[in-house]
Amino acid sequence: MNLYEYMGKDIFRKNGLPVPEGYVVEKQSDLKEYRKPVVVKSQILLGGRGKSGGIKFAKSGEELKSAVNELIGSKVRGLAVTKVLVEEMLNIQHEYYVSITLSREHRAPILIASASGGVEIESVPQKEIFTRVIDPLIGYSDYIGREASKFMNLKPEIASQFRAILKSLYRTFIEEDCELVEINPLVETKEGKLIAADAKVIIDNDALYRHKEFSITDPEKTPLELEAQAKGYSFIELDGKIGVIANGAGLTMATLDALTLHNGKPRNFLDLGGTDNVEIVANAFDLVLKADPKAILINIFGGVTKADTVAKGIVEAKKRFNISKPIVVRLSGFNEDEGRKILSENKIETYPTMMEAVERVVKVAGGA
Amino acid sequence: MNLYEYMGKDIFRKNGLPVPEGYVVEKQSDLKEYRKPVVVKSQILLGGRGKSGGIKFAKSGEELKSAVNELIGSKVRGLAVTKVLVEEMLNIQHEYYVSITLSREHRAPILIASASGGVEIESVPQKEIFTRVIDPLIGYSDYIGREASKFMNLKPEIASQFRAILKSLYRTFIEEDCELVEINPLVETKEGKLIAADAKVIIDNDALYRHKEFSITDPEKTPLELEAQAKGYSFIELDGKIGVIANGAGLTMATLDALTLHNGKPRNFLDLGGTDNVEIVANAFDLVLKADPKAILINIFGGVTKADTVAKGIVEAKKRFNISKPIVVRLSGFNEDEGRKILSENKIETYPTMMEAVERVVKVAGGA
Amino acid sequence: MGVLVDRNTKVIVQGITGHQGSFHAGQMMKFGTKVVAGISPGKSGTKFQDTVPIVDSVADAMSFSPDATMISVPAPFVKDAAFEAIDQRIKLIYILTEHVPFHDSMELISEARNRGLTVIGPNGPGITVPFECKIGIMPNQIFKEGDVAVASRSGTLTYEIVESLTRNGMGQSAVIGLGGDPVVGMNYIDVLKLYEADPKTKKIVLVGEIGGNNEELAAKYIKEHITKKVVAYITGRSAPPGKRMGHAGAIIEKGVGTAESKIKAFNEAGVKVADYPTDVPGLLK
Amino acid sequence: MGVLVDRNTKVIVQGITGHQGSFHAGQMMKFGTKVVAGISPGKSGTKFQDTVPIVDSVADAMSFSPDATMISVPAPFVKDAAFEAIDQRIKLIYILTEHVPFHDSMELISEARNRGLTVIGPNGPGITVPFECKIGIMPNQIFKEGDVAVASRSGTLTYEIVESLTRNGMGQSAVIGLGGDPVVGMNYIDVLKLYEADPKTKKIVLVGEIGGNNEELAAKYIKEHITKKVVAYITGRSAPPGKRMGHAGAIIEKGVGTAESKIKAFNEAGVKVADYPTDVPGLLK
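Protein chains in written order, with our numbering: chain A, 1 to 368; chain B, 1 to 368; chain C, 1 to 285; chain D, 1 to 285.
If you're looking for bench data, these hints aren't it; they were derived computationally from the structure.
Honestly, I wouldn't trust all of these hints.
[Stated by the list, open to error] So these bits of chain A aren't anywhere near chain C, every CB distance computed over 12 Å: (1) GLU175; (2) LEU256; (3) LEU289.
[As the list claims (entries may be wrong)] When the alpha-carbon atoms are kept at most 20 Å apart in a straight line, the in silico DMTMM-like pairs for lysine to aspartate or glutamate are as follows: (4) LYS265(B) with GLU224(D); (5) LYS294(A) with ASP276(A); (6) LYS43(D) with GLU349(A); (7) LYS51(B) with GLU120(B).
Ideal Cβ placement from N, Cα and C applies to all residues, glycine included.
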C-alpha cells in the first residue's frame, strides 16, 4: 500500500526522522496564519509533481491562499488533488537520495544512497550509487552508515546526522513492515541540517493486519477495487471490454496476456484464488458486472478450486443477476466432466482449452 | 542491578505483563482508602520474606494500618524496610514458576518454567522443570510457549495467557537488558487469570547507560560502595580487618583468597583496574581508609598499570591522608624496579611475591 | 533420490486439521507421499484419516524422523511454525500459506539458510516428483513420469503447463513451484542447480512472471551454467505498470521486471520463450 | 600454525588511535605481531607509528588481507565494530573492551558462530603464542617459549601465573584469556579442543573463577576428551555469595558457581587444583 507524502511524513516523525514543519489542508479554512515562506504540495501518488505544476511556492498569505485554491480540486498528472501539504520552505544547500527496499534476489533489505538526489534514482549513474544488502536477522549497524557516508563524501557533521537518519529509516522499514521507505530529496539546508523533504512509504499489504491505522482505504484503489478488497477478491480494473474471472494470479495474468495477443482487451483482473464455495464464485460475477463488460470470460484450472463448484457458481450467478451478456467458460482439472455437464445443461458455452475460450470471447465481445 | 519487587512490577506493567493492583507506601499518609483485602509486602532484596514475617495480610483498614506500621522501620532478614507494597489479595488456585535468564554455556537466554511454583526453583525436582535455550538472533517464538505449556499440563485457557506472558517476559528481558526476569509465583487465580504475584528483575550493570531511569542508586550497595561506584572503582565491603587494593578482578580475588588461607580477613575488595594515573591510585586509599582497616595490602601486577605509577600513587596517598596504619606492598611487572625504588625511598615495605606480602600483612594486622 | 524428495521422504504436516491442510494431506497420501505425522496443538492422540498420528508439536513429531514438513497455518502464524520446524532441523520446509508478510519470510528464510535447510514457498504449490512424492497442492491427475523439470512462480499456471506437457506425452522429472511472493525460499537459480545435477532431468521449463529480476538472473545463470535445454514462459505481458496482479510478486515498478525485459534476457541466453502456455511442449521438441 | 595464530597472522586494530588501542598496538608490534592496518574513521591517510596505515573502515582494511582484528572501542560501540568485522569475515575477532552489555555480546557471538568465525573476549587479555604473535594486552616480558598452554578468565591473574611458570623455567605454547564477562566468545571447552590438537602443547593450565558453570563443564570435558596433563587454579574461594567481584563473571548466585563446586569437579576429573597461583608450576611437574 502506497502512502501519501503526508502520511509517510507522519510515520517518519513518529520514528524520529527529521521532516519539515507542516500541515495538511483540504479546504481554505484549514489554513493557518502565514508566518514564513512555504511550499504547497499536491498529495498524489505519482512522482514528477513539480514539473506538472503540482507544487507551488508562497511568500505571502495571499500567495498561500491562491496556491491552495489553485491546487485543491485540480488534476495533477491525471489525478484529482483533494489534499495539499503546506510546509516550511527549506534553504537548500544540497539534495541527497536514500532508501531502503527489498532485494528479492537476496531476500533481504537493501540500502540505496547517493549524493545525487532530487532526481529519479534510475537516472543517476551506477557509480554514484551506494548499495548495501542488510542481513535481516542482524539489522542495520552503524558501520554501514560510515561506509555509506564515506562513499557519499559527507562532511563529518552531515555524516553523523545521516547515520542517525539511516538508523531511524531502517527501524521504520522494519517496524512498519515496509516494502519501501524513500527520502528523495534528503535536503541539506544552508543551516547545516539534514531534513526529509519528501517521503515515499509503501507498506506490505500482507502485513496490514499489524498496522490497523493504515488499513482503512488504499488511496490507489478505485471504488470498485476497494469493494472487491473488502469482499476478499484480488481485483483490478483495466480499460478493455472483456470481463475476466480466473483462478490463480499466474493463470489470470496468462488469460489477460492471451486476450491481448488475440486483440481482445480485458476489462479487469479477478483472481478467484483457491475456493470450493459456490457463493464466492457467484459474487465474483457481481463485481465484474459492475465494471460493465461486453462479455465475460471464465478460465478455471481446477485444483483446490473444483470445476463442478465453479460451474454451480456460474449457473447461480446467471440466475441471480439475470445476466444476458455472453459468458464463455473454460473448465479443466479436478471434476471437469461434472462441471462441463452442469454448464451445458444450463446452456452456457464451455471450451476445454484456454486458447479456444479466448478466441471465442474476443469474437462475441465484438473484437477489440 | 537487582530491582525491588515494586520496580520490577512497574517494568512488567510497562511491558504488558499482568500484575496485581497495588501501590507503594513509605509512610502511613501514603495509604489509600481500604477497599478490599490486601497483602502488605516489605520491599527488600532477599527472598523468604513470608517466612521471616516480612509479608502481612490485611482484611480491614485497621489491619492495613497496623501492618504498615509494623513493617516500615522494621528489619526483615537483617535488612531495613523503608517501603512496602500494598496489593490486592489474589484468590490463589495454583502457583507456577517462570523465568528467563542467561545461559553462559550457550551464550543465550534460557527459559525456565515449572508447574511447581511458589517455592525456590532449586528445590523443584529436575523432571518438573522445563528449560529451553533461545537463539538471541531469533528470539522467543510461540511454539516454545506451546511446548512449555504442554510440559506444564496447562489447560487451554491458561496456556494462552501463559504464552502471552512468555512473549512479554522475553521482550522485557531483551528491551530492559536483563540478566534475570523471574515470576515466582505466577498465580492462577480462582477466577482463571494468570497474574505475576512477585517480580524479580536484575538489569545488566554494563547496560545501565541505556536505562538511565535505573542508574540513580543500586539498592544493594552500601553507602561506601555507592561512593566508590560514583568514583569509578569496583569496590565491595567485607567484614575483615585488612584493606586490599589490587589490580584486575581475578588477581584481587586471588589476593582475598590468599589472605583467607593465611587466616587473614579482608575488609574489602578493590580492583584498581588498568590505570596509569597516580590520582586513581591515591583516591583508592581514600575509600579503603573510610572502611577503617587495621592494615592495607597493595598487590599489583603491572601491565597496563605501571608499577612506578602505583608506587607514586601510594606515596602521594600516604602524605595526603597522613596514613599511619601499616601498608604492605607487592609490586611486580612493568617498571617494577623503579616502583620498588620509589617505595623504599619513602620507607614503605615492598615484597616481590604475593605470598610474602600476604604473610606480612596478616602479621602486622594482628592476625585474624 | 529425486530432486529434493523421493518415495522414502517422510513428511509431516503442520496444520493438518485445518481446511487446506487436511484436504491436501489427503491428496498427498493418494499420490503416494509418506505422511508420517500431523501437527495440531491440543489434538494429540487423535489420528488423521484413521492412520496418521496427530501430535502437538514438531518436537513431538521428531520420533517419526521426518525429512520434510508442509506448513499450512494462517499467515500470522507461519513464522512461528517455520521457526518450530527450523529449530528441529527439518531439512525441507514447504510453506503453502499465502499472504505471509514478507518481513516474516525474510527472517525465517535467513535463519533456515544459516542452518543449511531448504525452504520452498511461501505461497506456492510445492514440489512434486511423479510418482515418488508430492508435497503441496498440485492436482494429482495432471502428472506423468518423464524427463522434463518445471520451475514456476505461479500455481494454476504451472498446472496448465504440466497438463499440456502430459497431454503431449512429455512426462516430468520434477515440478517445483517457487511461490508467488516477493520473498521465497528458493529462487530459479537454486532450482536450476538441482535440475542440472539431476540425472533424470533432460529438459527444463521455467515459468516466470512480471516483477523483480529473478528471471533475468536465471537467464544469466542458464547462459553460464546450464547445459540442458531450457524453455520459458512469461506471464504479465499485458499488465499495466504499478498495478499489483494478484499476488505480491506480480508487479512492475519503475520499469523494472517487465515481461519484455525478461523475454529479452531469456532470448539472449538462447532460451526460447512461449507466447502461450500451450506452446511450451512444441518448443521443447 | 600455532594455536589460532602464528608469526604470519595479519592483524588489524579497530580503534587504533584510542588510548588503549594505540598503547597495545605498539606493544603487540614490539612482541613481533604483524599489525597490518589500523581503523579509525575519519583518519584515513595517516599512519600509526609512521608505519601502519590507518583506514576508515574494516572494508577498506581488507586490501591488507587481515586474519584477525583487535577491537578496542568504547563499550557502546563494540557491537557495531564486531558486526563490521563479521561482515568482512575476519576469522579471529578479539574484543579488548570491558563493560560490553552482555546482550550485545550474545548477538555478536551468535552471528560470528553462524559464520564460522572465532571471537575471543570481550573483557579479556587476548591471545599470545610466544614469540609468534600476541593479540591483546598481556605484558610482553612475562613469556617464555615452551609447552604449557594456559586458559584463563582473568587478566592480571593470568600474568601472575604465566610469570610464575616462566620463573620456574616452564615456557608457554599458548595463552588465551577467555574474558571475565558472563558471555564470551570462547569457553574453556573451545580452548581445550585447540590445546589437545596443538602438537606443541604438552600440559595445560586452566585458571578459573567463581560464577557460572563453565569450569564444571570443562572438568567433565577434560575427563572424557583430554589426554594431556591439566592443572587448575580457582579464585574467589573467599567471596561472599551474591556479591559481584569486580567483573560481571565473578558472582555466586544461589549456590551455583562456588569455588568449592569447581574444585570438586576438577578433582573428580583428576585435575589437581592449586591453592595459590604460585603453586601451579609445582603441580605441573
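Status of GLU175(A), Cβ more than 12 Å from any chain C Cβ:
Not fine: 10 Å to the nearest Cβ puts GLU175(A) too close to chain C.
Taken at face value, is the distance from the CA of GLU349(A) to the CA of LYS43(D) at most 20 Å?
Violated - the C-alpha atoms of GLU349(A) and LYS43(D) are around 78 Å apart, more than 20 Å.
Hint check: LYS265(B) vs GLU224(D), CA-CA at most 20 Å. Holds or violated?
violated, 39 Å
When you check the alpha-carbon spacing of LYS294(A) and ASP276(A), does it fall within 20 Å?
violated, 27 Å
So is LEU289(A) really clear of chain C, every C-beta pair being over 12 Å apart?
holds, 20 Å
20 Å Cα cutoff - pair LYS51(B), GLU120(B):
The hint holds at about 13 Å.
Please verify that the nearest CB of chain C lies beyond 12 Å from LEU256(A)'s CB.
violated, 5 Å
In summary, the numbered hints that this structure violates are 1, 2, 4, 5, 6.
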